[in-house]
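Chemist: Put the complex together from the two separate chains, hints included.
Residue numbers (my numbering), protein chains in the order written: chain A, 102 to 214; chain B, 4 to 117.
Every clue listed holds true.
Sample of chain B residues facing chain A (criterion: CB under 10 Å; computed from the structure): (1) F36; (2) D62; (3) A101; (4) D104; (5) T105; (6) Q106; (7) G111.
No more than 27 Å apart at the CA atoms, straight line, and that leaves these computed lysine-lysine pairs for DSS-like: (8) B:K6 to A:K150; (9) B:K56 to A:K201; (10) A:K213 to A:K159.
Far from chain A, by Cβ distances over 10 Å, these chain B residues were calculated: (11) E25; (12) D31; (13) R71; (14) S85; (15) V116.
FYI, nobody ran anything at the bench for these hints, they're computed from the structure. Note that CB positions come from ideal geometry on N, CA and C, so glycine has one too.
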Amino acid sequence: AQSVTQLDSQVPVFEEAPVELRCNYSSSVSVYLFWYVQYPNQGLQLLLKYLSGSTLVKGINGFEAEFNKSQTSFHLRKPSVHISDTAEYFCAVSDPNFNKFYFGSGTKLNVKP
Amino acid sequence: DVKVTQSSRYLVKRTGEKVFLECVQDMDHENMFWYRQDPGLGLRLIYFSYDVKMKEKGDIPEGYSVSREKKERFSLILESASTNQTSMYLCASSAELAGSDTQYFGPGTRLTVL
Numbered sequence: 102a103q104s105v106t107q108l109d110s111q112v113p114v115f116e117e118a119p120v121e122l123r124c125n126y127s128s129s130v131s132v133y134l135f136w137y138v139q140y141p142n143q144g145l146q147l148l149l150k151y152l153s154g155s156t157l158v159k160g161i162n163g164f165e166a167e168f169n170k171s172q173t174s175f176h177l178r179k180p181s182v183h184i185s186d187t188a189e190y191f192c193a194v195s196d197p198n199f200n201k202f203y204f205g206s207g208t209k210l211n212v213k214p
Numbered sequence: 004d005v006k007v008t009q010s011s012r013y014l015v016k017r018t019g020e021k022v023f024l025e026c027v028q029d030m031d032h033e034n035m036f037w038y039r040q041d042p043g044l045g046l047r048l049i050y051f052s053y054d055v056k057m058k059e060k061g062d063i064p065e066g067y068s069v070s071r072e073k074k075e076r077f078s079l080i081l082e083s084a085s086t087n088q089t090s091m092y093l094c095a096s097s098a099e100l101a102g103s104d105t106q107y108f109g110p111g112t113r114l115t116v117l
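Just chain B, with the same shape it has in the complex (with noise of 0.2 Å):
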């Protein structure tokens, strides 16, 4: 079975920390993404990977960097957090680089920054 997991499913951080955000899926695919997900607006791209060390920018990347040094493994970092990116985060994996392809999304965190 499909499986995309994440570190944390809650986490609370101070205004100016590092965040790391880290996503795993055990299904070799090659495509990983990362969401932000807020009331009314639904889900928004951040960053996403389409193979090992390779990345692309979403629709919001500012305040965002990541990194993919492993398949399995995309990380979503806020160099500095800032209140405006209190957030649910959602990581997905695909398959193929394709249009048509089926997303698998793990549960999310839900980041607080105070």
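Pulled out of the complex, with its shape left as it was, chain A reads as follows (with noise of 0.2 Å):
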């Protein structure tokens, strides 16, 4: 089975900052990379996904993540956060053979104004 590491349970951060949500995965084999975001209150929603092509992959409200097949990574990042992007993040990684995702354990965005 696929693990998902999401090195940083929360990460606080200040309006109109960078940021950089750090997610690794198990598997050497290929996968498919995806980035979902939970705001207060709500279900998840896709922000992004990988699943073959250009190894930088840009998604909704100005987030993008880059594939890295070496590191086993999939880092999300936004150049300039808002008080709106305040929410959990989640990295999944699925088996491109089956409908079967793993998700990591979620990393909270808290941006402060």
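Modeler: So this is what it looks like as structure tokens:
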């Protein structure tokens, strides 16, 4: 089974500062990679996903992530965060042959004014 | 717009009660999923269904069962609720049975078992 590690459980950052949320996964075989966001009192929604092709993936709300196969990482970045980005972010990995997702433990991003 | 709804946002039950959590999707999706979300553990898959009346165990199926009698509805059943089942339960659906497909989530049901 896959495992997904999100190294930071909480990330505090000031508004307009850049942020990087880290994600590493265990498998060296081909996988699909996702970032989901969960705003307070809501379900998860997709931010972006990597299936193939360019290793830099752009998502909604100005977020992007870079797939690094050699380091088995898929870190999420935003150059300038807003208060409205305060949420919990989940990295997920799926097996290309089966619709089964493995989620990380989540990173809470707290954007301060 | 895609929509997944869950019957309750908050639920309080007593130990030993039978509990039903309902999930409905309006996207004609083939696949539906039940996860539980616990702090520091992320989401863990309980069961999923890839067709009506079909189900597969996820990573933590013990103490749970599921029912899918109609395509749009997927129920999670706790036969005899226990305090360690206090958690947030999330339902999701997806169109394709492929690892590339996006899952769409409901808002969650926060279950407390006393």
